[in-house]
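For the record, the sequence lines run as chains A and B.
Each residue of the first sequence is one higher than the one before, counting from 1 in the numbering used here.
Each residue of the second sequence is one higher than the one before, counting from 1 in the numbering used here.
These are calculated hints, taken from the structure and not from any lab test.
It should be emphasised that the depicted structure is a prediction, and the values quoted were computed from it without experimental measurement.
Watch out, some of these pointers could steer you wrong.
[Said to hold, decoys possible] Taking lysine to aspartate or glutamate and the EDC-like style, the derived pairs with C-alpha atoms no more than 16 Å apart in a straight line are:
id : chain 1 : residue 1 : chain 2 : residue 2
1  : A       : Lys134    : A       : Glu74
2  : A       : Lys134    : A       : Glu75
3  : B       : Lys134    : A       : Asp179
4  : A       : Lys134    : B       : Asp179
5  : A       : Lys134    : A       : Glu70
6  : B       : Lys134    : B       : Glu74
Number of protein chains: 2
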Amino acid sequence: MTPRTALRDPKQDRSRATRRRLLEAAVACLAERGWSGSTVAVVAERAGVSRGAAQHHFPTREDLFTAAVEHVAEERSAELRALSAPHGEGRVRVVVEALIALYTGPLFRAALQLWVAASYEEQLGARVAALEAKIGRETHRMAVELLGADESVPGVREAVQGLLDMGRGLGLANLLTDDGHRRERVVAQWAGILEGILAAQDSAQDPGHPSRAVS
Amino acid sequence: MTPRTALRDPKQDRSRATRRRLLEAAVACLAERGWSGSTVAVVAERAGVSRGAAQHHFPTREDLFTAAVEHVAEERSAELRALSAPHGEGRVRVVVEALIALYTGPLFRAALQLWVAASYEEQLGARVAALEAKIGRETHRMAVELLGADESVPGVREAVQGLLDMGRGLGLANLLTDDGHRRERVVAQWAGILEGILAAQDSAQDPGHPSRAVS
Numbered sequence: 001m002t003p004r005t006a007l008r009d010p011k012q013d014r015s016r017a018t019r020r021r022l023l024e025a026a027v028a029c030l031a032e033r034g035w036s037g038s039t040v041a042v043v044a045e046r047a048g049v050s051r052g053a054a055q056h057h058f059p060t061r062e063d064l065f066t067a068a069v070e071h072v073a074e075e076r077s078a079e080l081r082a083l084s085a086p087h088g089e090g091r092v093r094v095v096v097e098a099l100i101a102l103y104t105g106p107l108f109r110a111a112l113q114l115w116v117a118a119s120y121e122e123q124l125g126a127r128v129a130a131l132e133a134k135i136g137r138e139t140h141r142m143a144v145e146l147l148g149a150d151e152s153v154p155g156v157r158e159a160v161q162g163l164l165d166m167g168r169g170l171g172l173a174n175l176l177t178d179d180g181h182r183r184e185r186v187v188a189q190w191a192g193i194l195e196g197i198l199a200a201q202d203s204a205q206d207p208g209h210p211s212r213a214v215s
Numbered sequence: 001m002t003p004r005t006a007l008r009d010p011k012q013d014r015s016r017a018t019r020r021r022l023l024e025a026a027v028a029c030l031a032e033r034g035w036s037g038s039t040v041a042v043v044a045e046r047a048g049v050s051r052g053a054a055q056h057h058f059p060t061r062e063d064l065f066t067a068a069v070e071h072v073a074e075e076r077s078a079e080l081r082a083l084s085a086p087h088g089e090g091r092v093r094v095v096v097e098a099l100i101a102l103y104t105g106p107l108f109r110a111a112l113q114l115w116v117a118a119s120y121e122e123q124l125g126a127r128v129a130a131l132e133a134k135i136g137r138e139t140h141r142m143a144v145e146l147l148g149a150d151e152s153v154p155g156v157r158e159a160v161q162g163l164l165d166m167g168r169g170l171g172l173a174n175l176l177t178d179d180g181h182r183r184e185r186v187v188a189q190w191a192g193i194l195e196g197i198l199a200a201q202d203s204a205q206d207p208g209h210p211s212r213a214v215s
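Here chain A stands alone, though its shape is the one from the complex:
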C-alpha cells in the first residue's frame, strides 16, 4: 500500500458515499414502484442528492438502474462468500436456504422489475440481458462452491441449475403475497433431494469418504 492510497481524500469519500446512497435508493425505488415509476429525479430526491449531482454520477436512467442492481448483487455475493461453506450434517439445507433467500428480498424484487421492463424497453434490453447473465453465472459459481458440487459428475450441474431456477420461481411466487410458509416446506423437500444427489456424487468419486465435506 502506498502512502497515497492510505491517505483518504475527503472529497472522493463524499463522492463515493453519494454514489452509494443513489444506488441504494434506486434499488428501493425499483422494488416499490417498478420501472415506470423509477426516474433519476425520484431517486435523487429519495437519496437527498441534487438532481445535478445524480446526473453527474449516472448520465442516464439506464446507467443508474443497471448499476444499482449490479451493486446490490455484488454486495449479496460478498455476504454469501463470507458465509463460507458450512460443514457437517444439515449443511446442504443451510446452503439451499441461503441461496433461496437471494430470491425473496428487495434485490430480487428490484432486479425483477428491471428484467421485465427490459423485455419491452429497447434501451434496456441488451444491457439487462448481459447483467442478468453475469449475476446468473456468479450465483451458479457460488452455489457449486458452497454445496461442494462436482460438476464433472453427469447431472450434477443441471441439478444445481434447476435449484436456482426454482429459487427464481419461488421469488416470483412471493411477489404479491407472503409465500413463506409454503416455501419453507418446498425448500426442505428439495434440499433433501439435492442432499441425496450430492451424497451419491461423493460416494461415486471417493468411496472411502461417502459423507466428505467441502474442502
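Following the hints, position chain B against chain A.
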C-alpha cells in the same frame, strides 16, 4: 336443450367473437409492451374493434387485462386436460415437459407483466393476487393428476410444487434470451429425479404394481 338455446343468436355470436378478439389482443399487447404500454385504446385498435365497443365489454383497463390472462389460462388448462395422462415408460418426462411449456409461451409473458405491475399498482394488487392463486391451484391440480402423484405420501406434494416453481423460474430465465438449450437439460435431469420419487411412491403404496400408471 331448449329450442331457444339451440337456435344461435347472430348478435350474441358477434359479441362473443368481439370479446374473444379483445382478450387475445390484450394478452399479446401485455406480452409485447408491458403494463405501462397496454391500454384499452391500444388493444381495441389491435383487435379492430371500436373503443366504445371495447369499453362496453370491459369498463376498465384492469377488467380487460385480468380477464385476458384468465381467459388464456383457461384455454391452456383445457389443452392440457385434453392431452390426458400419458402411459408407459417416459410418461413423467412427457408430462414435465408439457407443464414446463406452460411457462415459456406468450401467456406466461403476459401474466408476468400483469403480476409485476400488480406489485406497485394498487388497483391491480388484490385482483391479480386472487387470479394468480386461482391459476396456481388449477395448474397444481392438473400436474398432480397428469403425473399420478399421490399427495398423501409425505413429500410428494412439495416435490410437485417445487417442479412448478422451477417452471416459473425457467420462464423468467427465458424472458430476455432464448434459454431453450439449457432448459432442455435441466428439465431432463429433474424429470428423472421426479420419476424416481413417483416410482418410490407407487411401490410404497402398491408393492405388486411398482410401475402402475395413472388410472
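Going down the list of hints, with the structure as the test:
no.: 1; hint: A:Lys134 / A:Glu74; result: holds (11 Å)
no.: 2; hint: A:Lys134 / A:Glu75; result: holds (14 Å)
no.: 3; hint: B:Lys134 / A:Asp179; result: holds (15 Å)
no.: 4; hint: A:Lys134 / B:Asp179; result: holds (15 Å)
no.: 5; hint: A:Lys134 / A:Glu70; result: holds (9 Å)
no.: 6; hint: B:Lys134 / B:Glu74; result: holds (11 Å)
Checked against the numbered hints given earlier, the structure satisfies every one of them.
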